[in-house]
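Position chain E with the ligands against the provided structure of chain R, taking the given hints into account.
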Amino acid sequence: MVGTEPLLRIDGLTVAFPGETAVRDLSLAVEAGQTVAIVGESGSGKSMTALALMRLLPRSARITGGSARFAGRDLMALDEGAMRRVRGREIAMIFQEPMTSLNPVHTIGAQVAEVLRLHEGLGRAAARKRAIELLDLVRIADPARRVDDYPHQLSGGMRQRVMIAIAVACGPKLLIADEPTTALDVTIQAQVLDLLDRLRRDLSMGLLLITHDLGIVGQWADRVVVMYAGRKVEEGPPGALLEAPLHPYTAGLLGASPRKAEGLGYREARLAEIPGSISSARGEAGCAFAPRCRHAIASCRAAPPPPLVAHADGRMVACPVLAGSGAPS
Amino acid sequence: MTRAARLLAALRRNLLAAIPTALGIVILNFFLLQLAPGDAADVMAAESGAATEETMRQLRAQLGLDLPLLSQLMAYLGHLAQGSLGFSPRYNMPVAELILQRLPGTLMLMGFALGLAFLLGLFFGTVMALNAGRIADRALSVLTLIFYSVPGFWIGLMLIVAFSIKLGWLPSGGSETIASGKTGLDYALDRLRHMILPGTTLALFFIAVYARLTRAAVMEVAQQDFVRTARAKGLSAFAVGRRHVLRNALLPVTTLAGMHIGGILGGAVVAETVFSWPGLGRLAFEAVMRRDYNVLLGVLLLSSLLVIVVNILVDLLHAWLDPRIDLR
Ligand SMILES: Nc1ncnc2c1ncn2[C@@H]1O[C@H](COP(=O)(O)OP(=O)(O)OP(=O)(O)O)[C@@H](O)[C@H]1O
Ligand SMILES: [Mg+2]
Numbered sequence: 000m001v002g003t004e005p006l007l008r009i010d011g012l013t014v015a016f017p018g019e020t021a022v023r024d025l026s027l028a029v030e031a032g033q034t035v036a037i038v039g040e041s042g043s044g045k046s047m048t049a050l051a052l053m054r055l056l057p058r059s060a061r062i063t064g065g066s067a068r069f070a071g072r073d074l075m076a077l078d079e080g081a082m083r084r085v086r087g088r089e090i091a092m093i094f095q096e097p098m099t100s101l102n103p104v105h106t107i108g109a110q111v112a113e114v115l116r117l118h119e120g121l122g123r124a125a126a127r128k129r130a131i132e133l134l135d136l137v138r139i140a141d142p143a144r145r146v147d148d149y150p151h152q153l154s155g156g157m158r159q160r161v162m163i164a165i166a167v168a169c170g171p172k173l174l175i176a177d178e179p180t181t182a183l184d185v186t187i188q189a190q191v192l193d194l195l196d197r198l199r200r201d202l203s204m205g206l207l208l209i210t211h212d213l214g215i216v217g218q219w220a221d222r223v224v225v226m227y228a229g230r231k232v233e234e235g236p237p238g239a240l241l242e243a244p245l246h247p248y249t250a251g252l253l254g255a256s257p258r259k260a261e262g263l264g265y266r267e268a269r270l271a272e273i274p275g276s277i278s279s280a281r282g283e284a285g286c287a288f289a290p291r292c293r294h295a296i297a298s299c300r301a302a303p304p305p306p307l308v309a310h311a312d313g314r315m316v317a318c319p320v321l322a323g324s325g326a327p328s
Numbered sequence: 000m001t002r003a004a005r006l007l008a009a010l011r012r013n014l015l016a017a018i019p020t021a022l023g024i025v026i027l028n029f030f031l032l033q034l035a036p037g038d039a040a041d042v043m044a045a046e047s048g049a050a051t052e053e054t055m056r057q058l059r060a061q062l063g064l065d066l067p068l069l070s071q072l073m074a075y076l077g078h079l080a081q082g083s084l085g086f087s088p089r090y091n092m093p094v095a096e097l098i099l100q101r102l103p104g105t106l107m108l109m110g111f112a113l114g115l116a117f118l119l120g121l122f123f124g125t126v127m128a129l130n131a132g133r134i135a136d137r138a139l140s141v142l143t144l145i146f147y148s149v150p151g152f153w154i155g156l157m158l159i160v161a162f163s164i165k166l167g168w169l170p171s172g173g174s175e176t177i178a179s180g181k182t183g184l185d186y187a188l189d190r191l192r193h194m195i196l197p198g199t200t201l202a203l204f205f206i207a208v209y210a211r212l213t214r215a216a217v218m219e220v221a222q223q224d225f226v227r228t229a230r231a232k233g234l235s236a237f238a239v240g241r242r243h244v245l246r247n248a249l250l251p252v253t254t255l256a257g258m259h260i261g262g263i264l265g266g267a268v269v270a271e272t273v274f275s276w277p278g279l280g281r282l283a284f285e286a287v288m289r290r291d292y293n294v295l296l297g298v299l300l301l302s303s304l305l306v307i308v309v310n311i312l313v314d315l316l317h318a319w320l321d322p323r324i325d326l327r
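As you go down the protein sequences, you meet chains R and E in turn.
Anchor point for the first sequence: position 154 equals 153 in numbering that gives the first Met the number 0, and the numbering is continuous, going up by one each time.
Anchor point for the second sequence: position 106 equals 105 in numbering that gives the first Met the number 0, and the numbering is continuous, going up by one each time.
Isolated chain E, as found in the complex:
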């Protein structure tokens, strides 16, 4: 089968599975949120300081919170069918618009973190595998273990202390210098500078994950017969490593990396909150605190779609990388 045909088949299979998955996620999330104590009316009342039973009842009726659960769910699904994510009374704008405002920030942060994690993880893992048991392997093992086990918020705070407060090299929050009037390359560099600390905070855990995956995969592939064939051809160690070892080691690494994508969204909530990064993670956090369930459901739905899309991409990448992939 040609490469294009393999890709198309993988795409079709994935899209068909995505629709019921997304629907299931919405319904499950809806009920999960009902388990949290209190609702939006409680939060608003607490914030205003004084509220009578009467005003609370009015507020709930206005927000539709007095309806039976199933009617609320049906109403939400009804909106969804028409392509609407509902309205947020707190932000006073449609949820879809709110999310679209925040989405690019999160995508950029995730893309930066994932790219960094993949490159460094692959590099560290390969170095570890090629020096297995020697000092470089040991040192990187310890380093990745630290990356793996230290919580993200702590790393984020320490990075702020070191690079923003002590050294003053990088900004400690936000996604750009406000009202700087910068344009073009200056503006892009400014954005990048803001991205480095939150992006690194988010990436460290995944650097560790990818490094360990790569180490195992490279060691496994390096002892395969076809690697000996490649060396018997007279290829240099570098060419053997790149064309034969790494190319095959990418297969298990990409599969497992795809499975970790969901986790990076969880990490984004922490990184965005610590670095006051205007993204979906912080929006979700705020929505929880305010019991703004329309916003939260919207964010969760979008997150699940994001995970589904990334998994499709990984699947496509896999179909592209591995000619043996079974397509049915």
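One chain only, chain R, in its complex shape:
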């Protein structure tokens, strides 16, 4: 990675709420045309990372440190006017809840056209024509008729396609997808992920795919970042990371994702839950995962928390206990 700048390089990003730090010293990079997955339990800071990049954090949140270099600028240092020209045009975002992410009182066509008129300066008729093309691009059947539909007339999967059409309308360089399929049926999930993957290739976008489902990571991501309690605890290429996780939390997540075990259906496969909850990370001086970790030793709980250490094959992990001895049993 030396020499060429990646599309996006987050460095030491820290996001704080009053009395609570949601993202802590997070660093990661996304290359153009690459899919990077951020994985972690609910509450691990995935959405706050994404919203910080868009500079759309809730009012009470503050970015207290770090930078995010994107196409030659630091997103964290842009003023609101410059940031508005980035949003929707250079970086687009789609959200978890397709049922509520579209405005109920405007047609889907108008909502796609809105972003085209804003950033591309298209007139009403031209924007509508382009909106129909985009609906076709995201595989909505009969787009010329559907363009005048209201969101409530569409299924969840269709609405998420509309969201994707809005997101790719201006040909962004980076697409952030925050759990884009969590609210959808399993069969629809694969279709939507396929669509995102195809668009990433065709438009050569970087894709930051946020999920709490390690199961979909192997198939779609080029790189995986595992987050716990606001920190990156492990990073690496999906093959190696899923094969032999170096952090007990990653191992726990793998056990907890309902992978289809040999001869068993999804239902029968045992969910090896991680005991305890993420709330136990609060006020932990050492490794935030220590209170829930089977492998924890005394030094794990002593400050400061273990640093990220580079391993072979471009892997990184913040756990000295297991990383030395290979994969946990």
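Take the hints with a grain of salt, since some may be wrong.
Which bits of chain E does chain R cover? Going by a derived footprint, with three or more residues having C-beta under 8 angstroms, they are [stated by the list, open to error]: (1) 211-225; (2) 242-253.
One-sided and incomplete, this derived list gives chain E residues near chain R with beta-carbon spacing under 7 angstroms [to be verified]: (3) R133; (4) R137; (5) T228; (6) A231; (7) K232; (8) G233; (9) P322.
Hint data in this document are derived by calculation from the structure and do not stem from the laboratory.
Yeah, the Cβ is synthetic: ideal placement off N, Cα and C, and Gly gets one too.
Only chain E with the ligands this time, still in chain R's reference frame:
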């Protein structure tokens, strides 16, 4: 469904419900008025100072007040079926004509007050919501609370003291300068000047109501997911507010505003009386004092029709604003 089809369906549903409602209101009002002590003959006799039992009986027979209640009601409904609101012996003209004379004045006053209330209410409410918890929100909250709680007649009198008597900027009563000979724009401005004080008196309460409704609605809508989507598109705060937040906040505000329309007629009685505004409200007030029940029933019937019509309009507006409205 297309917008036009939604509107037609809403219209049909409303008109069908309006007829039995209006009939029910007439009958109910008729009996309610019978509960008031005394009748027109008593008032006339009191005014003339001297009346014998004999003349009273004659007067009642002449006015039809000696008939049994049910026959009186049937007679009234009979008139109504033929499109007549009866005759007012006091004003010596048909009630319908009397009401038509007064109707435009009241409609203008109501329209002015409602328009003012809606615009200012929406504006105050939005400002309050966007600054929730900060000083602007607090200050406007106190102001609207005052608007809400101070009685209309007192506000009207204070406005007269301040703007007519002390400052001499605005007229204290009437709807136009009598025999001024003004025409065209001058005349319109003269009418407007007369409307400002009574219109504001009437509007203040509703400014407060709409402001509070808008504040709640905007705060509710502002945290919806689609607002985040709109911001992620790169829209300016103003465009997000207008196209996405306010557009959705209008839905609950218009519904509740429609329900308050009846109240503004009540307010009109006070405002018109304080500012001697020649409208229906003052006519109703006078009719009560004189027990002129034909006039009063006519005014009440028209008022209820007005409320029904406004509710239909609100319903249509709603069908126009909200594509999800269920039309059956
Ligand atoms: N509005 C808020 N006020 C205070 N703290 C918040 C707020 N929103 C989020 N947080 C904190 O930030 C942390 C990270 O939240 P975030 O939404 O990024 O989690 P996530 O990884 O996206 O989880 P999920 O899978 O549920 O979407 C949470 O632990 C939460 O306590
Ligand atoms: Mg999230």
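Each hint tested on the structure:
{"no.": "1", "hint": "211-225", "in the structure": "holds (count 3)"}
{"no.": "2", "hint": "242-253", "in the structure": "holds (count 5)"}
{"no.": "3", "hint": "R133", "in the structure": "12 angstroms, violated"}
{"no.": "4", "hint": "R137", "in the structure": "18 angstroms, violated"}
{"no.": "5", "hint": "T228", "in the structure": "5 angstroms, holds"}
{"no.": "6", "hint": "A231", "in the structure": "5 angstroms, holds"}
{"no.": "7", "hint": "K232", "in the structure": "4 angstroms, holds"}
{"no.": "8", "hint": "G233", "in the structure": "4 angstroms, holds"}
{"no.": "9", "hint": "P322", "in the structure": "4 angstroms, holds"}
Figure legend: structure checked against the earlier numbered hints; hints not met, in rising order: 3 and 4.
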